[in-house]
Amino acid sequence: MQLKKIKGRMAVATCALLQATSPMASAAGSEWDVDTSFLYYGEADGRVQAFEPAIHAGRALGDDDRIELRLVADALTGATPNGAYAIDGVAQTFTTPSGNSSYTIAPGEQPLDDTFHDTRIALGADYTQSLDRMSRIIWGANLSTEYDYLALGVSANYARDFNNRNTTLNIGLGFNNDSVDPEGGVPTEFAPMKVADTGKNVSGDSETKTITDLMIGVTQVVNRKTIVQLNLTLGSVSGYQNDPYKIVTVTADPATGLPVNGTDPSFFDSGVTGNLPYVYEKRPDSRQKNILFFKAMHHLEEDVVDFSYRYYSDDWGINSHTLGLKYRYQLADSYLQPQVRYYSQSAADFYRHNLVLGSDIDVSGNVLVDYASHDYRLAESETITLGLKYGMPMANDSEFSVRAGLITQSVNDGAVPAGQETPDLDAMMLQVNYSFVW
Amino acid sequence: MKKLQSSRLQLKHEAGYWQGHFFAMASPCEVLMEVDDKKQAARILEAVSAEALRIEKKFSRYRDDNIVFKINHAEGAAVSVDDETARLIDFADQLTRMSEGLFDITSGVLRKVWKFDGSDRVPKASAVNVVLQHIGWSKVQWHDQVLRMPAGMEIDLGGIGKEYAVDRCVQIARGLTTASVLVNFGGDLATTGERRNGASWSVGRLVTGKDNAVALFKLYRGAIATSGDAHRFLMKEGVRYSHVLNPQTGWSVPGAPHTVSVAAPTCVEAGMMSTMAMLQGVQAEEFLKLQEVDYWLD
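Protein chains in written order, with numbering that gives the first Met the number 0: chain V, 0 to 437; chain R, 0 to 297.
These are calculated hints, taken from the structure and not from any lab test. Remember, it's a predicted structure, so these values are computed and weren't measured experimentally. Hints may contain errors.
Each computed SDA-like pair below joins lysine to any residue, with the alpha-carbon atoms no more than 25 Å apart [claimed, not checked]:
| hint | chain 1 | residue 1 | chain 2 | residue 2 |
| --- | --- | --- | --- | --- |
| 1 | V | Lys4 | R | Val252 |
| 2 | R | Lys138 | V | Asn163 |
| 3 | V | Lys325 | V | Asp314 |
| 4 | R | Lys111 | R | Lys11 |
| 5 | R | Lys69 | V | Lys325 |
| 6 | R | Lys217 | R | Trp295 |
| 7 | V | Lys3 | R | Val252 |
| 8 | R | Lys11 | R | Trp200 |
| 9 | V | Lys6 | R | Ser98 |
Cβ pair distances, simulated, as ranges [stated by the list, open to error]:
| hint | chain 1 | residue 1 | chain 2 | residue 2 | range |
| --- | --- | --- | --- | --- | --- |
| 10 | V | Ala394 | R | Ser201 | 45 to 51 Å |
| 11 | R | Val78 | V | Thr207 | 52 to 58 Å |
| 12 | V | Val303 | R | Lys235 | 50 to 56 Å |
For every residue, glycine included, the Cβ atom is placed at its ideal position computed from N, Cα and C.
Can you make the complete structure from the sequences, with help from the hints?
This is the structure:
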């Protein structure tokens, strides 16, 4: 037999036996597992670009407890759809969120607000508190801040192992309180966008919403090679859920979709009233969500297959299915992981291409529908993501990996006049990751 | 003056310390305490002996009322064990991995065919092979404090128990006094810390082949444990069969030293290191050098 040096392992094992900490053991426990990454996300046609550096560090505290800390910074630039749609032959002028300036979109072009820019900082911490050999509670706290948005959250997750640790039951409760402080004030729901410098229709400075999530899940080791996980999440959001920067076009004729103009009844006569033919969107102030998530991982001889399925439904009428498949090819000293993800969702009940003057909104500006939004994220859509990750384990438990992905999203607008469809969105992402023990 | 609760405890005063004696775990046990007050010495001695007897009662394989008996007579059924037993089994499991199977708490059944009485009665290969079927930690399922072992197999924690008892007693003594205490259970010993004025504890070690001659160590801190027994062997056709048995072959390890002593921070580490060295046979000394520990070997 090859002689091996076992003194260090013996000291660690003895510490566990005697439940005392020796200098050796505390040295081993003082290591941080650090994960650093840099993500670039870019949408085609000058839309959103994001640069996101992140650092995540975790370490054991004592025998069983653990702390995890996260810091993520996002820098976003580019332009984002404002909710109006492209119209052939008609240039459209909009007021920026501040209400002080305007921008004009060329005929046939998708209306994008290029004043969109933001920096987000997110901090998070989790503390795993071991209750006994079989159960633990993970306490979590997070904070995310942008110039117009602040999110604060706390969570508690209880996990208990059963059945020779082959089964783990999780019960989690999360609570978030978010506040939004939109540029130029909170726009009045369904109020018209005004010509620049004529006074924005606002209902206040800020709004809040609360999110409560209850999660119950089970993870089961099926055999030495297969592990499955099933989670059910019930979520409830109450409070302000509008996108304060999104508008809905008002048309007099659904067949053409052309915005109302000065020759139409005077409420939207921008030359007289200053009211542009767009109103700020309005969404319900409550949303109940159900999410079912299933994941299975199977180890082949060397490779690993990872399959996941997520079903989402809410009382806004959105149902979605997400299918994910990853296959990890083990190479000699590294691995290659192709991934594919398919996402499909139905439209929200109140997703509207436009509001029709006369039937949805009367000549005095009274809106006759409860809610309306033309946010493409609430439309019927399909998204396909193709990705490839290459990982290279290195000395001292460190690993370098790089991941690239191509994302294509197509929106089904239903029957809308030609030229007014929501264009497909193409994006790419590139992530570089380095993890190490410190 | 407080009377000692049990007559099996003996206490006498030596130069600068109290010396207590009792018998446990088939060994003479000694506790040296650098305290002035006899009552305090008695209190420490009582606590140490109580812990030694508790551990002996709980883990001895010669009793029929403990967890080891329950495991060894479960006939293949799963047995749920308490935290302390789980830690000992976890530790044994680690040692088995570290030694690539040379250390194995299921190897005790080999004593059914090997009787180290100085005779020439080396067992037949066929007899060894029969017993070997009931050996192997890999045949045991051990998860979450539940152990399931095939019928006919046995575990024996005796190879860890005495050293574990020494370290537990040292922890207890540390809770009772800041003075230096030395706990010595049949040659496996540890101290709670250094003596006053830089003095050392003198510890005897039996030297083989010299008619029970004793070599003296000076021990300032830490622990020393000894494996091996110069009097347990078989001799046949000029070949000496040591009592160190390889659980994978069922045979005596060739070239194992008579005894190995190792110094380490704890008695468990010292004891396990010396046991591991014995199992290396002719490579024992090479193994000890690689570990960078202080050792004595003959």
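Here is what the structure says about each hint:
For the hint linking V:Lys4 to R:Val252, the alpha-carbon distance of about 20 Å falls within 25 Å, and the restraint holds. Proximity of R:Lys138 to V:Asn163 is assessed by CA-CA distance (about 17 Å); at most 25 Å being required, the pair is judged to hold. Using a Cα cut-off of 25 Å, the hinted pair V:Lys325 and V:Asp314 is violated, with the two alpha carbons roughly 31 Å apart. For the suggested pair R:Lys111 and R:Lys11, the alpha carbons sit about 42 Å apart, so the restraint of at most 25 Å is broken.
A C-alpha spacing of about 47 Å is found between R:Lys69 and V:Lys325, which places the hinted pair above 25 Å, so the restraint is violated. For the hint linking R:Lys217 to R:Trp295, the alpha-carbon distance of about 13 Å falls within 25 Å, and the restraint holds. Proximity of V:Lys3 to R:Val252 is assessed by CA-CA distance (about 18 Å); at most 25 Å being required, the pair is judged to hold. Annotation: proposed proximity of R:Lys11 to R:Trp200 holds, straight-line Cα distance about 16 Å (limit 25 Å).
With a CA separation close to 12 Å, the supplied pair V:Lys6 and R:Ser98 stays within the 25 Å bound. Separated by about 47 Å at the C-beta atoms, V:Ala394 and R:Ser201 satisfy the suggested range of 45 to 51 Å. About 56 Å separates the C-beta atoms of R:Val78 and V:Thr207, a value consistent with the hinted range of 52 to 58 Å. As the Cβ distance of V:Val303 to R:Lys235 is approximately 55 Å, the hint placing it in 50 to 56 Å holds.
Checked against the numbered hints given earlier, the structure breaks hints 3, 4 and 5 and satisfies all the rest.
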